[in-house]
Every structure is written in C-alpha cells, then in structure tokens.
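Protein chains in written order, with my numbering: chain E, 1 to 115; chain Y, 1 to 114.
Worth flagging that the hints you see were computed from the coordinates, not collected in a lab. Don't take each hint at face value.
Stated by the list, open to error - Examples of chain E residues lying across from chain Y (beta carbon under 10 Å, computed):
(1) Tyr33
(2) Gln41
(3) Gly42
(4) Glu44
(5) Leu55
(6) Phe65
(7) Phe74
(8) Phe106
Bear in mind that the values here come from a model prediction, so they are computed numbers and not experimental data. Cβ coordinates follow ideal geometry from the N, Cα and C atoms, glycine included.
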Amino acid sequence: DTGVSQNPRHKITKRGQNVTFRCDPISEHNRLYWYRQTLGQGPEFLTYFQNEAQLEKSRLLSDRFSAERPKGSFSTLEIQRTEQGDSAMYLCASRWGREGTGELFFGEGSRLTVL
Amino acid sequence: AQTVTQSQPEMSVQEAETVTLSCTYDTSESDYYLFWYKQPPSRQMILVIRQEAYKQQNATENRFSVNFQKAAKSFSLKISDSQLGDAAMYFCAYSKNRDDKIIFGKGTRLHILP
Numbered sequence: 001d002t003g004v005s006q007n008p009r010h011k012i013t014k015r016g017q018n019v020t021f022r023c024d025p026i027s028e029h030n031r032l033y034w035y036r037q038t039l040g041q042g043p044e045f046l047t048y049f050q051n052e053a054q055l056e057k058s059r060l061l062s063d064r065f066s067a068e069r070p071k072g073s074f075s076t077l078e079i080q081r082t083e084q085g086d087s088a089m090y091l092c093a094s095r096w097g098r099e100g101t102g103e104l105f106f107g108e109g110s111r112l113t114v115l
Numbered sequence: 001a002q003t004v005t006q007s008q009p010e011m012s013v014q015e016a017e018t019v020t021l022s023c024t025y026d027t028s029e030s031d032y033y034l035f036w037y038k039q040p041p042s043r044q045m046i047l048v049i050r051q052e053a054y055k056q057q058n059a060t061e062n063r064f065s066v067n068f069q070k071a072a073k074s075f076s077l078k079i080s081d082s083q084l085g086d087a088a089m090y091f092c093a094y095s096k097n098r099d100d101k102i103i104f105g106k107g108t109r110l111h112i113l114p
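Given the sequences, and given the hints that come with them, work out the whole structure.
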C-alpha cells in the first residue's frame with residue numbers, strides 16, 4: 001500500500017494558463033475527494049467521486065474547474081484560465097466508503113502558485 | 001447545512017502537560033461521524049481519532065481522547081503528556097456517514113513548549 005499519491009507537488013503558472021493535477025488513490029478505495037486549502041485554513045470540499053461517478057460538486061467549484069475519474073482509478077483536477085485567487089494547496093483523499101471506518105487518507109497535496 | 005467551528009486559532013502547552021482543543025458543530029442528523037485530524041508542518045493530514053455519534057462512550061487512542069457531548073454538539077480533543085511531535089494544526093471534522101464528504105473546521109495550531 002503506497003498511500004495516496006499526488007502530482008505535481010508544486011506548480012507555478014502564469015495567470016490565464018491551464019493546469020492539471022493528478023491523484024492516485026489507495027487502490028482498494030472507491031471514494032475519492034478533492035479539497036482546497038489556503039494558508040492557515042481548513043480544507044474546503046470541492047468534489048468527490050464514487051468509482052467513476054462524480055457525486056457532488058461544491059458551489060465553490062466554478063466552471064473553470066473540472067474533475068474526472070476515468071475508470072474509477074486515478075483522478076485529475078483541471079483548472080482553466082487560472083486566476084491569482086486559485087493559488088492554494090489542492091488535496092486529494094480517498095476512502096472505502098460504506099465498507100470502511102470513514103477515515104479519509106490524504107495525499108501530500110499539490111501546491112499551486114499563480115503569478 | 002452542517003458546520004464545524006473551532007474557536008481557538010492557536011494554543012500552547014508545556015511539554016508533558018495536558019491540553020484540550022475545542023470544537024462545536026451543527027447538524028440536524030441523529031447519526032454521524034466526528035474526527036480529529038492532525039496536519040504537521042509541510043506534511044500530510046492524518047487521522048488522530050474518530051467518534052461515531054451513536055456510541056455514547058468517548059473514543060480514546062493512546063494519549064488522545066475526546067469528550068463527545070451530543071446534546072451540546074461539542075467534540076473536544078484532549079492530548080495528555082504532550083510531546084514535541086504533537087505540534088501541528090488540528091482540524092475537527094464532521095461527516096454525515098462513512099462515504100459522504102467530510103467538512104472541516106478552520107483548525108487550531110498547537111505549539112508545544114519545551
């Protein structure tokens with residue numbers, strides 16, 4: 001079990017560019033979650049998947065954000081036309097769902113800096 | 001909507017002493033899950049302790065224990081015999097069930113004084 005893996009760990013981009021983050025969850029986990037965390041704040045929920053189905057999207061998630069989880073394995077989070085306000089740590093987490101204890105396992109995060 | 005409130009942005013405790021972190025939440029559900037997560041500086045978030053609302057007994061994990069007051073919607077974390085490695089951000093969190101999203105509070109930064 002290698003844990004939740006996120007790539008890239010750091011991304012610096014210019015305003016207006018598109019960026020994509022990838023998350024590889026723990027292989028047995030059917031639920032995958034994306035959160036955004038700004039400095040000194042708690043993680044804010046963005047969206048989550050059960051297998052390949054996207055079950056919920058936060059109202060925080062503007063139409064510039066899109067997430068996918070093809071084949072129910074890894075997931076990608078794309079941000080189009082980045083803005084300085086998008087600068088944050090993007091956290092991915094996974095868990096078993098109903099069969100599990102409820103514990104979320106987090107990756108180390110992908111830090112985005114928009115110049 | 002469910003909310004989680006942590007009213008202590010920062011706390012400090014002397015090494016080997018005991019500290020309690022406060023958390024309140026709001027929900028209309030009768031059964032749910034509560035968590036405390038720890039985020040050390042520049043490291044990933046890990047679970048400290050969890051509580052299922054239908055269980056009246058307070059959860060304990062070694063030096064960590066909770067005081068779960070369902071009627072008051074309060075869920076505090078007690079850390080006994082504080083160690084330098086306990087220095088971190090601590091997040092209280094709520095989930096409606098085992099597969100719904102988890103909602104986090106804003107966190108409490110805990111400093112351990114040697």
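Status of the hints after comparison with the structure:
1. Tyr33: Holds - the Cβ of Tyr33 (chain E) comes within 10 Å of chain Y, reaching about 6 Å at its closest.
2. Gln41: Holds: closest Cβ of chain Y sits about 6 Å from Gln41 (chain E), inside 10 Å.
3. Gly42: 4 Å, holds
4. Glu44: With a minimum Cβ separation of about 8 Å from chain Y (threshold 10 Å), the hint on Glu44 (chain E) holds.
5. Leu55: 9 Å, holds
6. Phe65: 16 Å, violated
7. Phe74: The hint is violated - Phe74 (chain E) has no Cβ within 10 Å of chain Y, the shortest such distance being about 18 Å.
8. Phe106: 4 Å, holds
In the structure shown, a violation is registered for the earlier hints numbered 6, 7, in ascending order.
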